[in-house]
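Peer 1: Sequence:
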Amino acid sequence: MADYLVIVESPAKAKTIERYLGKKYKVKASLGHVRDLPKSQMGVDVEAEDFSPKYITIRGKGPVLKELKTAAKKAKKVYLAADPDREGEAIAWHLAHALNIDGGSECRVVFNEITKDAVKESFKNPRTINEDLVKAQQARRILDRLVGYNISPILWKKVKKGLSAGRVQSVAVKLIIDREKEINNFTPEEYWSIEGNFKKGKESFEGSFYGLDGKKQNLNSEEDVTAITKRLQGDKFEVQKVNKRERRKNPASPFTTSSLQQEAARKLNFRAKKTMMLAQQLYEGVDLGGKQGTAGLITYMRTDSTRISETAKSEALDYIVEEFGEEFSASEKKKEKKKEGAQDAHEAIRPTSTLKEPSSLKKILSRDQYRLYKLIWERFVASQMAPAVMDTMTVHLYNEGVEFRATGSDIKFKGFMKVYVEGEDDSSKDKNKQLPHLEEGMTVEAETVEPSQHFTQPPPRYTEARLVRTLEELGIGRPSTFAPTLDTIQRRGYVSLDNKRFIPTELGEIVLEQLLAYFPEILDVEFTKKMEDDLDSIEDGEEDWIRVLREFYKGFEPRLTTAEKEMEEIEIKDEPAGSACEKCGHEMVYKMGRYGQFLACSNFPDCRNTKPILKKIDVTCPKCEKGEIVERKSKKNRKFYGCERYPDCDFISWDKPISRPCPKCESLLVEKRLKKGNQIQCTECDYKEELQEK
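Residue numbers for the sequence shown follow our numbering, beginning at 1 and rising by one.
Since the hints were derived computationally from the structure, they do not count as laboratory data.
Just so you know, even glycine gets a beta-carbon here, dropped at the ideal spot from N, CA and C.
There's no promise every hint is true.
No more than 20 Å apart at the CA atoms, straight line, and that leaves these computed lysine to aspartate or glutamate pairs for EDC-like [what the hints assert, rightly or not]:
no., residue 1, residue 2
1, K615, D655
2, K200, E439
3, K554, E521
Computed Cβ-Cβ distance ranges for the label pairs, DEER-style [said to hold, decoys possible]:
no., residue 1, residue 2, range
4, D287, T70, 25 to 33 Å
5, I183, D686, 35 to 43 Å
6, D410, E666, 41 to 49 Å
7, T456, R559, 39 to 47 Å
8, H586, E625, 32 to 40 Å
9, K565, S659, 52 to 60 Å
10, G325, N250, 12 to 20 Å
11, K116, G162, 44 to 52 Å
12, N250, K433, 19 to 27 Å
Construct the entire structure; sequences and hints are all you get.
Peer 2: In structure tokens form, the structure reads like this:
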């Protein structure tokens, strides 16, 4: 029998660590928490001075706990090696209580990466359970329970069963609804631009109108444009000034949880939940085969720090010098800036070894694991490389006092851009193209001068990446909360995703209206941010967790009483669909479900007939030529297109078909959504054309 028992959360992690520690150690998994507040009741004594929580063994964890108790009795010593964060510390604390382990003994081991050296080093330096971390987790858990288990029943009674309210999720919904109001109330303003296409010898370049007689001028109307074009004399423009300068562009810092979720959404089209699931797999360990066995490939993935260990930096710099040359390594030591409100408990997310190149793991990892690992590896390596050096040039072109400006840039030294370039939220036309050789006094010819009318655009709806960034900037939630928050607000039906952007539902707006009326502090950004700061202060041992809970509940309890008495019952009536149920003849109605609206029989529960709402796109099915193509959604809520006659006709397409045939072969044309601009493509031949967006 092994001398020492080590308890971690997951079997994958257990397998990896046991191989590193050797025969004297037995590693078992608790499968997450073994104790928690009961689901069927509040589980918190609000009358007690200390808000006593009532912890019970989680349903289904009895056999796991029994196995751990048996193994603990036979072991000389038990080590608790849950994840190195508040939640992991709480898991260790609950295990200590369940297994009668003294939390004041050196029973806790933590490591930021699951590698042989890191794991062995952590067992040389065990510590006691950090009570402040446990208190911070306990305070958050009780706080969320007080909000959720008190407000949710009121919403069930007054609005609809199955609803919930939470501190972070409610603020996220409010942000989405506020943005929708901004869009609806937005008044477009007209403005104009004048674009010129210039020629110097055989080379062409673009320039834009800037102003008159050296002063910038805005073009607000067609009259303004006419006045400018009338002033132009001929097509010759004089180069009156050429500004050249060298610009250095620094690499982005290694990933935090938030920046990883944002970049994975932009570059890989991953949802936040998927990103965290894959990152967990890469952290816990992947079987590399042969002598390497199972190994963790990245450091702990729940962090708000950009800090990097000196060992990791040194290995990365050696790799960069050997692979790319001395000039590509960062010559100056960068000072990592600690972001305001960051806990800075762990390193940034990085590969456990720079030498594990993505290309060497491509055949071992799944496609999505590989893509995420490659992103993390490239971002980290680039962060330790030299800045890119750009030569930028601005050319001032004049014709009768009318000034056009042309800007361009040329990469003089790629630096970190040889490995990685940060993604952008929205694709934009790159106007910084290389310009021909131009000097002051030269004359260039304007081939075309084209005015264009524009209208200001409303702020964009939130994507997952943009919402995560906004929550982080506002100090709402922490790295571990972003993905589950986004998942919850969609599951509850408060928001839906359309073209990867959040749109509030009617249900979301109704719930928000009630919360604003009776629980305004729950939706107040500053209040929610202060609560997060208080939780951080508890973790640092600077704040008493009981006082924080007491202070919150003192203002919260009267609002509950008022809401229970005064909140009016809202009946969300089912909207008639104008068609009869084919099973029983009763009227079909629109219902709100997890993935938005659907059709259901009004005779429920006697008749349980349901149907998806089919949105026709005015395209005849190319396969059966009888039905129409309709928009559908998969079980994972992904949009696709199929024939309305399914299952009689099984035509499906992930890309949206269009009504006209291919001019080259008369086959089906579809809309392709690409990163570099959307296109219309033929499904059979090589015909392509740019998609004209409405």
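Peer 1: With reference to the structure, classify each hint as holding or not holding.
Peer 2: Results for each hint:
1. K615 - D655: holds (15 Å)
2. K200 - E439: holds (11 Å)
3. K554 - E521: Holds: K554 and E521 sit about 13 Å apart, inside 20 Å.
4. D287 - T70: 25 to 33 Å: For T70 against D287, whose Cβ atoms are near 28 Å apart, the range 25 to 33 Å holds.
5. I183 - D686: 35 to 43 Å: Since I183 and D686 have Cβ atoms about 39 Å apart, the given range 35 to 43 Å holds.
6. D410 - E666: 41 to 49 Å: Since the Cβ atoms of D410 and E666 sit about 45 Å apart, the hinted range of 41 to 49 Å holds.
7. T456 - R559: 39 to 47 Å: holds (40 Å)
8. H586 - E625: 32 to 40 Å: holds (34 Å)
9. K565 - S659: 52 to 60 Å: Given a distance of about 57 Å, which is inside 52 to 60 Å, the answer is holds.
10. G325 - N250: 12 to 20 Å: holds (19 Å)
11. K116 - G162: 44 to 52 Å: holds (48 Å)
12. N250 - K433: 19 to 27 Å: holds (23 Å)
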